[in-house]
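Engineer: Here is how the chains run, residue by residue.
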Amino acid sequence: METIIILHIILVFMIIGSIITVEIKNMLSAVISVGAVGFALSLAFLFLEAPDIAITQVIVEVLALVILIRATINVDNVAIEKREHILSDRTALIFVGMILVFAWFAFRSLPPFGEPSMRVSQYYLTHGLREVGATNFVTSVILDYRGYDTLGEAIVLFTSISGSFAILRRLKKEQHKDFLRIDREH
Amino acid sequence: MTLYFLDFVLLVIGIYALVAKRHVVKKILGVAIMEYSVNFFLILIGFREAGVAPILTKDMDMATFIKTAVDPLPQALVLTSIVIGLGTLALMVSIAIRLYERYGTFDMHEINRLRG
Chain A
-7 METIIILHII LVFMIIGSII TVEIKNMLSA VISVGAVGFA LSLAFLFLEA PDIAITQVIV
53 EVLALVILIR ATINVDNVAI EKREHILSDR TALIFVGMIL VFAWFAFRSL PPFGEPSMRV
113 SQYYLTHGLR EVGATNFVTS VILDYRGYDT LGEAIVLFTS ISGSFAILRR LKKEQHKDFL
173 RIDREH
Chain B
62 MTLYFLDFVL LVIGIYALVA KRHVVKKILG VAIMEYSVNF FLILIGFREA GVAPILTKDM
122 DMATFIKTAV DPLPQALVLT SIVIGLGTLA LMVSIAIRLY ERYGTFDMHE INRLRG
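Protein sequences appear in the order of chains A and B.
Position 81, counted from 1, in the first sequence is what the working numbering calls 73; the numbers after and before it change by one each time, with no gaps.
Position 50, counted from 1, in the second sequence is what the working numbering calls 111; the numbers after and before it change by one each time, with no gaps.
Bound-form chain A, shown alone:
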């Protein structure tokens, strides 16, 4: 019961943090508050009995903060104020509210909180120790039962990292001049 209350508090904190992220003017503050949301998420994972994920979330959050600060530190730091149409914001808000209303009805068909339907996982829990030999069942699912998923994850990671290397590679001087040719006085 206390777990549920603590989870509610953490979730409200995360919602406040993300609203600040979306609405604050200074971009560096926005990045820092999204970091706060990520660390709160890692805390919530600890309360949900998922220590492996909590550790991974902390590490990934630190790296993501470094990357995002690199994107915002050297450039103009203020969010764009002017909006040409007040209506576009309102339309977005209305649609978002409609999504929330439909979600409220959709959540009724989910299993209630605290009673998961563990049809596949029951097999992993019963046979995992004998078939794989790992006492951490998350590890046995990642590296044995769902090994191909992990291979696909490595491929996605490799692709995205090589993509960002290809985008951020150092250009030759001529190419760079071509690349920057678009003048700012348009």
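It should be emphasised that the hints constitute simulated quantities derived from the structure, not laboratory data.
Backbone N, C-alpha and C fix where the C-beta goes; we use that ideal spot for every residue, glycine too.
Incorrect hints may have been included.
[Claimed, not checked] Where chain B lies over chain A, by a calculated footprint (3+ residues, C-beta under 8 Å): (1) 17 to 31; (2) 54 to 62; (3) 137 to 148; (4) 153 to 166.
[Stated by the list, open to error] One-sided and incomplete, this derived list gives chain A residues near chain B with beta-carbon spacing under 8 Å: (5) L40; (6) E41; (7) P43; (8) I91; (9) G106; (10) V112.
Since the structure of chain A is already known, use the hints to place chain B on it.
Structural biologist: Frame of chain A, contents of chain B only:
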């Protein structure tokens, strides 16, 4: 139920940032918030009331462990999803840095106007 709903509010805030904000980095932050919310939702679905982490220690009894352990399958898949999220974030940020170098602004509308 309220936990699911609050988590969905988080997703919707991410969608709002992605749709209504003009700053590229704000859009990226919206995607990051959506990612947090989805990962959290999957872990919430796998939680079991008064459960223990799916790690077997020496003093545990196998039968009670099977009855009380939380679902290990969403945990394993969310673990991969978090790491993939970092990769896509790096890709998005590098595209944003190049956009800034070329156009001198992060404003999405300005970039649309300046294309060519």
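Engineer: Now look at each hint and say whether the structure bears it out.
Structural biologist: Checked hints:
| no. | hint | result |
| --- | --- | --- |
| 1 | 17 to 31 | holds (count 6) |
| 2 | 54 to 62 | holds (count 5) |
| 3 | 137 to 148 | holds (count 5) |
| 4 | 153 to 166 | holds (count 5) |
| 5 | L40 | 5 Å, holds |
| 6 | E41 | 4 Å, holds |
| 7 | P43 | 6 Å, holds |
| 8 | I91 | 6 Å, holds |
| 9 | G106 | 3 Å, holds |
| 10 | V112 | 6 Å, holds |
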